[in-house]
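*Asks:* Going down the list, the protein sequences come from chains S and L. Everything in the first sequence is counted per the numbering used here, starting at 2 for the first residue and increasing by one. Everything in the second sequence is counted per the numbering used here, starting at 1006 for the first residue and increasing by one.
Errors might be hidden in some of the hints.
Rough simulated footprint, nothing fancy, chain L against chain S, three-plus residues with beta-carbon under 8 Å [unchecked claim]: (1) 32-43; (2) 53-62; (3) 80-87.
Pulled a few chain S residues facing chain L out of the computed Cβ check, cut under 7 Å [claimed, not checked]: (4) 2; (5) 4; (6) 6; (7) 12; (8) 67; (9) 68; (10) 71; (11) 90.
Below 20 Å or equal to it, Euclidean Cα-Cα: the simulated PhoX-like pairs (lysine-lysine) are [as the list claims (entries may be wrong)]: (12) S:3 to L:1279; (13) S:21 to L:1361; (14) S:56 to L:1341; (15) S:7 to L:1284; (16) S:3 to L:1272; (17) L:1033 to L:1169; (18) L:1361 to L:1341; (19) S:3 to L:1033.
Think of the hints as simulated: they come from the structure by calculation, not from any bench. The beta-carbon is built from N, C-alpha and C at its ideal position, and this holds for glycine as well.
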Amino acid sequence: MKIELKELSQHVGDTGDFIKLNVEKCNGCGHCATVCVMNLWLLRGGKAQLKEEYKQKCLECAACFSVCDIGAIDFSYPAAGTGVVYLKG
Amino acid sequence: MTEYDVLIVGAGPGGSVAAKVAAESGLKTVFFERGRKSGEKNSSGCGLGPRMWREFPELMKTLTTEVAPNLRKAACVINHYLNKDLEEIALEMYYPTESVTYEPAKQFITMNCYRSEFDPWVAGQAVAAGAEQRTSVLIKDLVKDDKGKVIGVQTSKGEKIYGKVIIGADGVISTVAMRSGLNPRWRPEQITLVPQYDFAAPPEKIDKMYGPDGLLADAADGIWWGVNFPSAYQVIFGDGFHIGLGSWMGQWTANPLSYLNTLVSCKPFQRMIKAIDAKPREVQAHLLPWTVKPIKTYTDNVMLIGDAGGFPCPLEAEGVFPAMETGKLAAETAIKCLADGNTSKEALKLYEEKWKKSSVGVEFEAGESLQTLWKNLFFSTQSEENNMEWFIPLWHEIRGGHYDWSEPHIVRFRQIVRKVQEYLPQAMKFVTKYAVPVLSDIMQEDLSMFPQMIKFLETMRPKKKTK
């Protein structure tokens, strides 16, 4: 069974930037890419890269922030009242 | 300058109960929610246990399908055992046992309620008690005095709001915990990532299978035990169900959702969703503290409750009841300390004393042994020592081996014993390392002799079959 994720989450409003990567610090370990349920991280040239579309897709779980041992990922929640909305959480 | 007596960051069940208790005692209370309403950012913890009805009887008796339309009773947990080929080899159902002591625990294991229905309802109770709820407000920082003591919070728009007591009810990634210095960062072994799907299904189809008069009467809680994925839970509601699983941050070796997809795609699961005509409706993910003991939960003017304090239960990481209970205890502590005019950390130590004595604190008496056992069995599926590889066939053999007419019964029993003994070296190593400490905590006895008794069992062999 293939589940198409793009139909399965709702997002509202303009979140602003709420995840920031410190490229200097990033050692390209790829942990963020492994744990991101929505596949929003890529590895490019030995560094992590956050996909542009993350603001419309991120589930705000903060797994990338938590798994980054060297503290290269800064996570702060989306602007108040914006971001993912769970109707059946 | 407005100053509140009690300022609560977070309006989930914990923050809302804290707000309700504080407001009922006449304290000027505010609680903040970053979403547009409570519950729209929360996705798990939907099985409400009977301890809630024991600890909060007045509150819980008003939780009905009128306020939570998809409330469903789960009087039974159904266990699905999948082998390494993802075939279902056993199915077990358990209703509450004779040793359960009180009502309504004899009637149900959980009442299942979507957080999108539960959280706004609890928040509404706090508002009705006189607490002020501010939604769509993100608390980004704490305000401190010149001695570094927390005296308020700052919103993402720069507004400063002051409070005599600040309660951190802001979940796993807690601004209050981080900025107060109580918990700058979780260690990987303290937190889990939990991906989950919600499936929609017609209520009448669910009832036919899992309703009170259904084939599997009231079996609205499910566990899927497997060799290829961390153990998964199923929580069934009025018009759908959750299926999810979790593991600790350091343990993922592939996208967490891929393990859930393995389960969802397997034949036994597909049979189940076909039977109730279920379809995927929502994807969700969240972090969940799952620790052997809570972190330090208080400092000057500050207390942490619920997930922010690491309170989910050490065995199964259920977090809503601990959040509500610690919310109540933190509010009671605030009431006492504000009356005394002293909210220093020395005074707020009362909060820790209270939760340690409470039902939540008792959970952690054996936190380490329970969690270590659980973690190394049901969540070992991604590690080199995947203990589910022997546990599932061993359990199958012990529980199901005698349902068989292939040989005279006594011959079958010898076959079963021989098979069980093949697994004993791994099983006994596991029992000695992980189960004996749990047994020792349960019995409150030193059981260091236990492994030798096991050794004796291990050396016993049925005689070779003679012709």
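*Asks:* Each of the hints needs a verdict: does it hold here or not?
*Replies:* Right, here's what the structure says about each hint:
With 6 residues having a beta carbon nearer than 8 Å to a beta carbon of chain L, the region 32-43 of chain S meets the requirement of three or more and the stated coverage holds. Check result for the region 53-62 of chain S against chain L: holds, 3 residues qualifying (beta carbon to beta carbon below 8 Å, three or more required). Under a criterion of three residues with beta carbons nearer than 8 Å to beta carbons of chain L, the stated coverage of the region 80-87 of chain S is upheld, 7 such residues being counted. Proximity of residue 2 (chain S) to chain L holds as hinted, the smallest CB-CB distance being about 5 Å (cut-off 7 Å).
Checking residue 4 (chain S) against chain L by beta carbon gives a least distance of about 5 Å; that is within 7 Å, so the hint holds. At about 5 Å, the closest approach between the beta carbon of residue 6 (chain S) and any beta carbon in chain L falls short of 7 Å, and the interface hint on this residue holds. The beta carbon of residue 12 (chain S) comes no nearer than 11 Å to any beta carbon in chain L, farther than 7 Å, and the hint placing it at the interface is violated. Interface hint at residue 67 (chain S): satisfied, since its Cβ lies 6 Å from the closest Cβ of chain L, which is below the 7 Å cut-off.
With a cut of 7 Å, the hint placing residue 68 (chain S) at the interface with chain L holds, because the nearest CB-to-CB distance is about 5 Å. For residue 71 (chain S), the suggested interface contact is broken, since its CB lies about 12 Å from the closest CB of chain L, more than 7 Å. The beta carbon of residue 90 (chain S) is positioned within 7 Å of a beta carbon in chain L (closest approach about 4 Å), and the interface hint is therefore held. Taken as a hint, the residue 3 (chain S) and residue 1279 (chain L) pair is honoured in the structure, with Cα atoms around 15 Å apart against an allowance of 20 Å.
Our distance criterion of 20 Å between C-alpha atoms is broken by residue 21 (chain S) and residue 1361 (chain L), whose separation comes to about 38 Å. Our distance criterion of 20 Å between C-alpha atoms is broken by residue 56 (chain S) and residue 1341 (chain L), whose separation comes to about 44 Å. This hinted pair checks out: residue 7 (chain S) and residue 1284 (chain L) have alpha carbons roughly 15 Å apart, not beyond 20 Å. For a cut-off of 20 Å, the pair hint linking residue 3 (chain S) to residue 1272 (chain L) stands: about 13 Å separates their Cα positions.
The suggested pairing of residue 1033 (chain L) with residue 1169 (chain L) holds, with an alpha-carbon distance near 10 Å, which does not exceed 20 Å. Straight-line distance between C-alpha atoms of residue 1361 (chain L) and residue 1341 (chain L) comes to about 18 Å, which keeps the hinted pair within the 20 Å bound. For the hint pairing residue 3 (chain S) with residue 1033 (chain L), the CA-to-CA distance comes to about 51 Å; that exceeds 20 Å, so the pair is violated.
The structure fails to meet hints 7, 10, 13, 14 and 19 from the earlier list, while all remaining hints are met.
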